[in-house]
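Asker: Protein sequences appear in the order of chains A and B.
So in the working numbering, spot 399 of the first sequence is number 399, and the numbers just go up one at a time.
So in the working numbering, spot 26 of the second sequence is number 26, and the numbers just go up one at a time.
If you are wondering where the hints come from, they were derived from the structure by calculation, not from laboratory data.
A few of these clues could be false.
Unchecked claim - Within a straight-line C-alpha distance of at most 20 Å, the following computed SDA-like cross-link-like pairs (lysine to any residue) qualify: (1) Lys352(A) to Pro454(A); (2) Lys87(B) to Glu102(A); (3) Lys352(A) to Ile412(A); (4) Lys352(A) to Lys30(A); (5) Lys87(B) to Pro146(A); (6) Lys87(B) to Leu148(A); (7) Lys30(A) to Glu102(A); (8) Lys352(A) to Arg377(A); (9) Lys87(B) to Asp149(A); (10) Lys352(A) to Thr450(A); (11) Lys352(A) to Ile429(A); (12) Lys94(A) to Arg377(A).
On a predicted model such as this, the values are computed, not experimentally measured, just so you know.
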Amino acid sequence: MTPSDLLSILPLLVLVVWACALLLVDLWLKRKGVTAFLAALGLALTAGLALAQAGEETTAFGGMVALDGFASFLNVLFPLSGLLGIAVAYGYLKRMNIERGEYYSLLLFSTAGMMLMAHAADLVVVFLALEFLSLPLYVLAAFARPRLDSEEAGLKYFLLGAFASAFVIYGIALIYGATGTTSLSGIVAAIEAGSLGTSGLLLTIGAALFLVGFGFKVAAVPFHMWTPDVYHGAPTPVTAFMAVGAKAAGFAALLRVFVTAFPALDADLTPVVWVLAALTMFVGNVVAIAQTNIKRMLAYSSIAHAGYILMAFVAFGNPATRADAVASALFYLVTYALTSYGAWAAVIALEKQDPSAGSGQAASGLEINDFAGLGRRRPALAAAMTVFMLSLTGMPPTLGLVGKFYLFRTVIEAGQVWLAVIGVLTSLISAYYYLRVVVVMYMREGAPETTREPWLDFTWAVSALATVILSFLPMALFAWASAAGVMGF
Amino acid sequence: MIPLTYYLVLSAILFTMGALGVLIRRNALVIFMSVELMLNAANLAFVAFARQYNAFSGQLFVFFVMTVAAAEVAVGLALIVAIFRVKHNIDVDQMSSLKG
Chain A
1 MTPSDLLSIL PLLVLVVWAC ALLLVDLWLK RKGVTAFLAA LGLALTAGLA LAQAGEETTA
61 FGGMVALDGF ASFLNVLFPL SGLLGIAVAY GYLKRMNIER GEYYSLLLFS TAGMMLMAHA
121 ADLVVVFLAL EFLSLPLYVL AAFARPRLDS EEAGLKYFLL GAFASAFVIY GIALIYGATG
181 TTSLSGIVAA IEAGSLGTSG LLLTIGAALF LVGFGFKVAA VPFHMWTPDV YHGAPTPVTA
241 FMAVGAKAAG FAALLRVFVT AFPALDADLT PVVWVLAALT MFVGNVVAIA QTNIKRMLAY
301 SSIAHAGYIL MAFVAFGNPA TRADAVASAL FYLVTYALTS YGAWAAVIAL EKQDPSAGSG
361 QAASGLEIND FAGLGRRRPA LAAAMTVFML SLTGMPPTLG LVGKFYLFRT VIEAGQVWLA
421 VIGVLTSLIS AYYYLRVVVV MYMREGAPET TREPWLDFTW AVSALATVIL SFLPMALFAW
481 ASAAGVMGF
Chain B
1 MIPLTYYLVL SAILFTMGAL GVLIRRNALV IFMSVELMLN AANLAFVAFA RQYNAFSGQL
61 FVFFVMTVAA AEVAVGLALI VAIFRVKHNI DVDQMSSLKG
C-alpha cells in the first residue's frame, strides 16, 4: 500500500472516516440538526474531492481498485444523491418522531459502499462493496421501529438481499474456478488466452449466477418481488435513497463487470439480458397500473426503469456500441435519480402520521387519491409533481425524454430494434398511470394537508428545475457521461 | 487426493439445499440459516479451486466471505429480534402488513 494508492481513493477514505467520526460525535449532540449538517458537509466535501479527480486514470491496490472516468462520474453522483437523502429526511424524521442521529451515519456508510462499488476492478471488491452498501440500507429500511411495516420491510429486504448476495458470491466462486483469478483484467486475459476448455461452461454459469444476484439488487423481473413491499414499508426518505442510490450502484457494478470482463460471453448472455429487460419493462409498467398507493406505484415504476437501463446491456457485446451503451446507461441513471428524488420529495410532503393509530404507528396521505386538489392548494408543488410524472413517462420538455432517446438510439444502433419497440410501447402504457396522478391533482376536488419544510421544498424545486432546464442542454451532461463511458485499465 | 469434481458436486448440493431452504421454509431464522449454508457452499468451492490452482487467493476470499457473513448475522439477528418483540412471531408468511 503506497501513498498514491490511498490518494486514488481519497474521497472514499474521507467519507468513511467522516462517517465513523460522526457516529461518535453524535453521542454528544443534543440537536440532531447539527448531525444532519455535519453529514451534509462530509458528503459535499467528498463530492468536491471526487470532482477534483475527474480525468485521472489509474489503478491502485495491485489492480483491485480502478480510478477512471466511470468511477469519478459515479463518485460525484453518489454523494449528491446522499445529500438529497439528507435534505428530504431532515424534517421528515422530526415529524415522524424518529429523529435519531444514526440515520445520517448509516446513510454516509451506505454512500461509501456505493462509491467503492464504482471503483471496483476486482470481484472481491465488488462483493465487499455490495455488502458495504447493503448492510446500512437494511438497517435504514427498518429505521422507523417500532413501526411494524418498517420492521417488516427491513427484514424482507435483509432476507432477499442476503439471498441475492449468496448468488453473487457463488457466481464469483465459479468464475474464479474457471479463470483462476478474480481481477477483471485477469478474467479478460484468461478468456483471451482461450485455454478454458470445459471451464468455459463454469464461467458462463458463474456469470449467470452473478447476473441473478444483481438482478435482485436492481429489482429486475423476475427477481423483483421484494421491491414493492420494501419500498412501501421503509420510511419514505430511505425509500428515495434506496431507489436512486442502491439501483445506481447495482448498475455500476453490472456495467463495469459486464463491459470489462464478459464481452466474450456476449452470445450466451445477450439473449438472457434481452428477455430480462423486456420482462422488467412490461411487468413493471403493467402492474403499476393497478396500484392505488403512491409508494407502491413508484416502486413498480422503479422496477420498470430498471428494465429501461437493462436495455443498455443488450448493446454491450457489440464493440461499436459498447461505449455508447455505458454512456446512455449513466445518463439515464442521472435522469432517473433527479426525477425520482423529486417525486419522492412530493410524496414526503403529503405524508403524515396517522392520528388514529397512536404515536408513530402508521403513516397516511399515501394514496394516489390523497393528491386530489393539490393543484389548487399547492400550485408549485403540483406543477413540480407534473414535471416528474412527465419525465418518468418520457415526455417533453423533460430530461426523461432525452434519457430515453439516448437509450433507444443505442439499442437500435446495436441492432435490437424489437427491444426498442417494446420499450416505446411500455412507455406508452406507463403514461396511463403517471398521468392519472396529474389528473387527480388538477381535476379532483380535495383538500390535501401538506407540509412545508425548507429543505424538502428545496429538493423538489431544484429537481423540477433541473429536469426541465437540463433537457434543453443535455449535450454537456452527455459529453461527461460519454467520457465516463471509456473504461480502460 | 480427492478429485476437484467431488468438492464441486458437494458444494453445488449445499448451495441447492440452501436455496431451496430459503424458498420453502417460513421461519425467518431458518431462512437465514439457509442463506448461510449458501455462503458456505461458495466457501467450499473457493477452497477447492484454490487447492486446484495451488494459489492462496481463493483461501483469502473465504476470509472475506466469513467476515461479511458475521456482519450480516449481526444485522439480521437484530432485525429478527426487533420484530419478535412486537409480534412474538417470526413466521414470514404472517408478515402481511404490506400487501396491496
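Asker: Compare the structure with each hint and give your call.
Answerer: Verification of the hints:
{"no.": "1", "hint": "Lys352(A) to Pro454(A)", "verdict": "17 Å, holds"}
{"no.": "2", "hint": "Lys87(B) to Glu102(A)", "verdict": "25 Å, violated"}
{"no.": "3", "hint": "Lys352(A) to Ile412(A)", "verdict": "45 Å, violated"}
{"no.": "4", "hint": "Lys352(A) to Lys30(A)", "verdict": "25 Å, violated"}
{"no.": "5", "hint": "Lys87(B) to Pro146(A)", "verdict": "11 Å, holds"}
{"no.": "6", "hint": "Lys87(B) to Leu148(A)", "verdict": "8 Å, holds"}
{"no.": "7", "hint": "Lys30(A) to Glu102(A)", "verdict": "13 Å, holds"}
{"no.": "8", "hint": "Lys352(A) to Arg377(A)", "verdict": "16 Å, holds"}
{"no.": "9", "hint": "Lys87(B) to Asp149(A)", "verdict": "11 Å, holds"}
{"no.": "10", "hint": "Lys352(A) to Thr450(A)", "verdict": "8 Å, holds"}
{"no.": "11", "hint": "Lys352(A) to Ile429(A)", "verdict": "31 Å, violated"}
{"no.": "12", "hint": "Lys94(A) to Arg377(A)", "verdict": "24 Å, violated"}
Going through the hint list in order, the structure does not satisfy hints 2, 3, 4, 11, 12.
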